[in-house]
Each structure stands twice: as C-alpha cells, then as structure tokens.
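Engineer: Heads up: the protein sequence lines correspond to chains C and V, in order. In my numbering, each residue carries its 1-based index in the first sequence increased by 1228. In my numbering, each residue carries its 1-based index in the second sequence increased by 319.
Hints should not be assumed to be uniformly reliable.
As the list claims (entries may be wrong) - Straight-line Cα separation of at most 25 Å, DSS-like style, residue types lysine-lysine; simulated pairs:
no.: 1; chain 1: C; residue 1: K1302; chain 2: V; residue 2: K472
no.: 2; chain 1: C; residue 1: K1492; chain 2: C; residue 2: K1477
no.: 3; chain 1: C; residue 1: K1492; chain 2: V; residue 2: K496
no.: 4; chain 1: C; residue 1: K1489; chain 2: C; residue 2: K1477
no.: 5; chain 1: C; residue 1: K1285; chain 2: C; residue 2: K1397
no.: 6; chain 1: C; residue 1: K1504; chain 2: C; residue 2: K1477
no.: 7; chain 1: C; residue 1: K1397; chain 2: C; residue 2: K1518
no.: 8; chain 1: C; residue 1: K1492; chain 2: V; residue 2: K486
no.: 9; chain 1: C; residue 1: K1285; chain 2: C; residue 2: K1374
no.: 10; chain 1: C; residue 1: K1518; chain 2: C; residue 2: K1374
no.: 11; chain 1: C; residue 1: K1489; chain 2: V; residue 2: K496
no.: 12; chain 1: C; residue 1: K1492; chain 2: C; residue 2: K1518
Stated by the list, open to error - Reference listing, derived: stretches of chain V covered by chain C, where coverage requires no fewer than 3 residues with Cβ under 8 Å from a Cβ of chain C:
no.: 13; region: 476-485
no.: 14; region: 493-503
no.: 15; region: 506-518
Bear in mind the hints are in silico, worked out from the structure with no lab data behind them. Quick reminder that beta carbons are idealized off the backbone N, C-alpha and C, glycines included.
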Amino acid sequence: MKWETMARGFLPVLGAGLLFGAAHAAAAPQHFERHFAVKGRPVVVIQNVANGRIEVKSSKNSEVVVAATQASNKINIDAEQAGERIDVTATITDNSGAANELEANFQLTVPEETELQLRTQTGLVYVEQVMGDMTLQSVAGDIHLKEVSGYIVVRTTGGSLVCTQCAGKLDFNSISGNAQVVQPGLTNVSLFTMSGNILFDGDFIRTGIYTMKSGKGTVEVHFSGNDSFDLKAQTATGTVDNQAEAYLKPDSHGVRHMASKFTKGLFGTVGTGLAKVELSSYSGTIRILKRD
Amino acid sequence: MQCKEVEVVLEQQGFVPVPEAARAHLAGCSSCQGLVADLTAIVATAHLLPAEVEPPLRVWTRLRAQLEEEGLIKGAKTRTAWRRRFSELFGARALATAGVGALVVAAVVLQMRPPASHPTEARNTYENYDDTSLTLSNDEAHLPSMQLAGSSKVDVALRQNLDIVDKFIVDCEQRIKEQPGDELARDYLTGAYQQKAELLSVMMERGGVY
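I would like the entire structure built from these sequences, with the hints used as guidance.
Structural biologist: Below, the structure is given as structure tokens:
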C-alpha cells in the first residue's frame, strides 16, 4: 500500500521530467562545424531559410570553416563540397517552432580570395576582408561589409547596407533599406532604395560611374576638394540642397544640360569632371556637400 | 495529382486563383509553388511591355522563308508539329524561368525608351501601366492566407514593405496622371512595379499556395 502511494506520487513527476527533458533537447542550441580543404578561389553558398546571422571573415589558410549554431532541432543544416564549391543550407524541418527556435547563426572563415553567395531572412550579414564577387540577400536583416572588394551585389527588402572601405563595383537594391557607403574605393556604384536614405561619403574615382536613387528618402553625397566629377541631380517633387556651390561649376564638357520642365535639377562639374555622378530622388531631398 | 498534371490544370484554368484541383498538391510541393511564383512574376512583367513589340508581318514572312530554305521547317502543314516539339523541348518551368529573364530585359528596354511624344503612344503607355497595376493588385489579393496572417519578423517586414511599395505606386500614378510627360516619375513607377512583382513572388513562395 505504501509502495502504491509512493508510485502514484512519483510517476507524474517522472513523466513531467521526461517531457521536460524531451522539450529541452528540442530547444537546446546545437553546434555544427565542418572544415573543407580548398585549392584556389572557392565559391561559398549559404542558403539560410531559417533566421539568423551570417558572419564571414578571412584567413590565410586554404580551407573553409563553416561553424553554425542552431537554436533547436527544428532546423536542419547540410554542408557539402563539390570541388571548390561549398554549399551550406539551413532548412526548417518543423514550422510549428517559436521564432527563437528557428534560428541558425553561421560563422565562416574563408580564404582571402573567395566568392560568396549568402542568403538569409533576418539577422545581420557581416563580411570582412574578403576579395571576390559576392551576392548577398536578406529580407529584414542588415548587411555590413568592411574592407571587401569585387563585384558586390546586395538585395534586401527592408535591411540596410553599411559598406566601409569597399572596392570594386557595388549594386544595391532595396525597398526600405538605407545604404551607407563610407571611404569607398569603388569604380562603379548603383544604389536604389524606394523609401530608404542614401549616404555616400568618400572619393569619386576618376572614370567611375555613380548612380544613387531614392524614391522617398534623402540622397546625401560628401565629396572631397580633390574630386573630379560631372554631377546630375534631379527630383520630381523633392528638393535639391546644394551646399557646395563654390565647387560646382557649369559643365565643362560643352554639353548643356537642363532639367525637364517637370523636375528640379542641378547640373555641374567639380574639378575637370572625370567621374560621372547621377543622383535622383522622387520626393526626397538631394544634398551635396564638401567634406571638411 | 502529380507535377505534370498540375501544369496541365494551370495551363487550362489559369493560376489566379489557383484551381481547386491543384491546391492540395501545391500546398506540399515547393517546385510547383516556385512555378506559380514565376508565372506570377511573368504576367506582372508582361504588362509592362509596350504594344509595339509585335514585329511586322514581313519579318515573320522572311523568317519563315529562311527557315524553310534551310530545311528547318517544311511549310505551313508542319508548323503545328514544330511548335509542339518546341514546347515539349522546354518544360513549363524552364519556359517560365526563361520568360522571367526575357521579360525583365523587355521591361528594362521599356524603361529606357524615350518619353512618348505622340498622344497615341502616350495613351498606350498609360494603358500598359493600368494593366500592370491591375495584374499586381489581383496577385496581391490572392496572396496566401498564411503570409497575410504570419506574425514572424519576416512576414511582418514583407507586409510593411508591400505597403510602402503600394503607397509609392499610388503616388507615382497620381503624378503621371497630372504630369504625363514626367519621365522621372515614369522611371520610378516602372521600378516600383518591378519591385512589387518581386516582392509578391517572394511572399507567395514563402507562404505556400492555398
């Protein structure tokens, strides 16, 4: 009788304990790490259907290290190598999980010369000191690039771009994300956001072509006194705030530009007009100023 | 129902809304969901094409003569069979993917065209805009319920951005009605339509089809 009473009290506790244990195992973070030896310039592809951060840094080693932390076993991570291509995929195996259970964060270490194709839903994408073409896509996550070079393509829905000391070509397209380009060494820039703001703070390389467009946001350009570029700035219903009148001369190439009767425009040349800079905003402000 | 049968149903009955017969299969098949998303993007982009893309009859005549001369086709009788073989060569999915590429190029060409100088041409352009706007609105009305009710950060972000695009489109359309010659507004409107088509495609792919 006594044993029976004890069993009655003990069994529910044991059951609850087992249930808790199972739930805990499903929710417990899991670590994943793989090393892939490469010879030349690898191509690393990450397709993160789950949410999470992707961080990429370079090393002198000829290997790609993929480390990941997944919040629960409701996510499956696969990584495979085919020659110089490394493919990593994170998929959700159980959609019923809470948002914090459907996270997979990646840390990659790659050779300095590596091509990247990274895609995530939310969470920061951070790439530092990598040389190679890259395509970076995110819905709501921001994208931060530091000292990267190559043909850089960035697509976001609402995520913003911060590009510091980037070189090569940059193509950014977003609906509501901002774009901030600081100290660039870029020869070709195309930035488009529908409602975000754009800030370009750096030198215009001679022969470079720079196009920056925002539907409703501000487009702000800070140039240096040594720069040399032709400028065309246009807005349909916004304003052009020219704080560099002293540096902006009429076009020196003999082509007389005029804004259409439907737009407000500003045309001119800084220096000898070697680079080409086109700024536009449908209803926002275009601001041009010289750095101190 | 198999993927091939879904393709037939979509071909016969259209995909807006998704026919009842295909829904169960689509709900669990990412490949077919992708197909519907691609088709949606194609239709949206197709409405950006100008009416003038139809080549003159003499081009077709010359092309047919050339093909016959080279023995690639054998006159009018074999045309149907040739066309069928051509369509068999490309599966619906491959055609959809190729179509997206071709239409995006066409949309870019449209965007680069000089502003309409002739009243008829201008009217056609605005009709194209109307068609595009209507198609995209229809697509938006048929977004999967999961996408519209989702509370995840991504779902919320997608809906917020769709709202931004919609408001911007309304703004640009209003401007073009008032100032038909505003080329800058036309450029922005074309870009907004493209972004909306891409966004709807992402939302459909993410939310599944019901």
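Engineer: Which earlier hints can't be squared with this structure?
Structural biologist: none
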